[in-house]
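For reference, the chains in residue letters:
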Amino acid sequence: MMRITHSAIRPEELREALQDPAAGGYASFEGWIRNENDGHDVLRLEYEVYEPLAVTEGEKVIAEACAKFPVLHAQCVHRAGLLEIGECAVWVGVSSAHRDAAFLACRYIIDEVKVRLPIWKKEHYTDGHSGWVSCERCARHAHKISTAPLQGSAIAGDR
Amino acid sequence: MMRITHSAIRPEELREALQDPAAGGYASFEGWIRNENDGHDVLRLEYEVYEPLAVTEGEKVIAEACAKFPVLHAQCVHRAGLLEIGECAVWVGVSSAHRDAAFLACRYIIDEVKVRLPIWKKEHYTDGHSGWVSCERCARHAHKISTAPLQGSAIAGDR
Amino acid sequence: MSKTLTVRYFAGFREHAGLGEETVSLNAATARDVFDQLQTRHGSAEPLAHCKVAINDEMADWNSPVRDGDTILLFPPVAGG
Amino acid sequence: MSKTLTVRYFAGFREHAGLGEETVSLNAATARDVFDQLQTRHGSAEPLAHCKVAINDEMADWNSPVRDGDTILLFPPVAGG
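Read top to bottom, the protein sequences are chains A, B, C and D. Mapping of the first sequence onto our numbering: residues 681 to 839, in sequence order. Mapping of the second sequence onto our numbering: residues 681 to 839, in sequence order. Mapping of the third sequence onto our numbering: residues 957 to 1037, in sequence order. Mapping of the fourth sequence onto our numbering: residues 957 to 1037, in sequence order.
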């Protein structure tokens, strides 16, 4: 399940939904707002999300992960709005019988979410400037998805 | 930091210690007790830990992960004693500036912890039998560690 | 040949164009034509290869045909996570 | 030539031997000698290659020398996580 939220992400609550008596492994990833990017001191971040397509594209990514790896449950939640340093911007959680699938699916989901969902981040710097993040070198983690439109043009943040 | 605990692992509290304003990624793994192993229905699990060496060997594993990958903080906690289905047996958490290091270090730590620490698990089955887990095929995830003693003989659980 | 299209801009595109949505009449066969013509109109320089497009809330290809009445969503380079 | 050693057994080894610790006198040069002789004595069949050994609370190698008074920890195949 893919969800966009405007309030704080609570991993400990999200984790509950992935529990399963058949699950032997649980892998999770969180993207945190850090105080520096590309040599600039970051004060806070602003996420703009086009929710209808962020959700449908996120659901597609999760479905792809479930098809590629034997997972039991997989979810992703992404924040929208203004975030401070240290806050959680995105959470991915995957449970599976064995750890390999949980790790691989978790990594797949975060890599794809970053390059495919209509989400943009504007960095506000300590010097008063701000800017939309859109660096070319960040597409290096994109996977090849034969069914995805525009796969060659995917560009994303570099966290 | 490597720790052995005899009470429930609380990932939400452990995660706090890894927070850092320079951290952009946080990867974690939890091993959960599942209700089946190798075709046997499992009722509960019993972990025996030789704590002095489990801690020193765990600290070595974490130090190796920190030397191999640019991580900010890395920790591991392993349970000892009797555990029920669904309980968390082991937790690994890693924070880093970028997600690649967090994922790789997290995976490295859990893989090594499973094959190097003096920890044994006894499965109690629904049919009343019990047995120590020690399957040969499970060593497939072991990494080559040039400094580790007995690397060729590593055997571990297969979660 | 002219089509009436609703175009929506996001993030940097919205700020650059100074508006979030506009209705335009264009001689455009594909999403690529829409992008090219509006980029010229608004003086933007973002390479098309870094951007994405959706038509009527479905992710689309730059070669996707546009039809009279379509809503075209122009996405600058994304940066989730 | 005989050395007095304290040997500790863990998990399946402890259950198999029926004791957690014993003091033994052995003609043993290395940890491997200790393992082989005690395996024969206790009738265990676990391949040495799957087991580990520690000497005086330090992980050791099967070729590590043992000295009079050492404490040898014999670890059956581990299974953490």
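Mixed in with the good hints there might be a few duds.
Across the chosen pairs, the derived CB separations fall in these ranges [as the list claims (entries may be wrong)]:
1. D:Ala1001 x A:Pro701: 53 to 59 Å
2. B:His809 x A:Glu764: 23 to 29 Å
3. B:Glu716 x A:Ser810: 50 to 56 Å
4. C:Gly974 x A:His809: 16 to 22 Å
5. B:Thr736 x A:Pro701: 31 to 37 Å
6. B:Glu726 x A:Thr685: 23 to 29 Å
7. D:Pro1003 x A:Thr685: 29 to 35 Å
8. A:Thr736 x B:Glu716: 53 to 59 Å
9. B:Glu726 x A:Ala747: 47 to 53 Å
10. B:Thr736 x D:Thr996: 56 to 62 Å
11. B:Glu726 x A:Arg683: 34 to 40 Å
12. C:Pro1003 x A:Thr736: 21 to 27 Å
Simulated from the structure, these hints should not be mistaken for lab results. It should be emphasised that the depicted structure is a prediction, and the values quoted were computed from it without experimental measurement. We put the beta carbon where it would ideally sit given N, CA and C, even for glycine.
To see whether the hints hold, each was checked on the structure:
1. As the Cβ distance of Ala1001 of chain D to Pro701 of chain A is approximately 34 Å, the hint placing it in 53 to 59 Å is violated.
2. Range check, His809 of chain B to Glu764 of chain A: about 54 Å between beta-carbon atoms, so the 23 to 29 Å window is missed.
3. Separation of Glu716 of chain B from Ser810 of chain A is about 52 Å and conforms to the stated range, judged on CB atoms against 50 to 56 Å.
4. A C-beta distance of roughly 19 Å is found between Gly974 of chain C and His809 of chain A, which places it inside the suggested range of 16 to 22 Å.
5. Judged by the Cβ atoms, the range 31 to 37 Å given for Thr736 of chain B and Pro701 of chain A holds: they are separated by roughly 34 Å.
6. The beta-carbon spacing between Glu726 of chain B and Thr685 of chain A, approximately 40 Å, falls outside the hinted interval of 23 to 29 Å.
7. Roughly 53 Å separates the CB atoms of Pro1003 of chain D and Thr685 of chain A, a value that falls outside the hinted 29 to 35 Å.
8. In this structure, Thr736 of chain A and Glu716 of chain B break the distance hint of 53 to 59 Å, their C-beta atoms being roughly 35 Å apart.
9. Taking 47 to 53 Å as the suggested C-beta distance range, the pair Glu726 of chain B and Ala747 of chain A does not conform, at roughly 37 Å.
10. For the hinted restraint 56 to 62 Å between Thr736 of chain B and Thr996 of chain D, the CB-CB distance of approximately 31 Å leaves it violated.
11. Range check, Glu726 of chain B to Arg683 of chain A: Cβ separation about 38 Å, and the 34 to 40 Å hint holds.
12. Checking the proposed 21 to 27 Å range against Pro1003 of chain C and Thr736 of chain A shows it holds: the Cβ atoms sit about 26 Å from each other.
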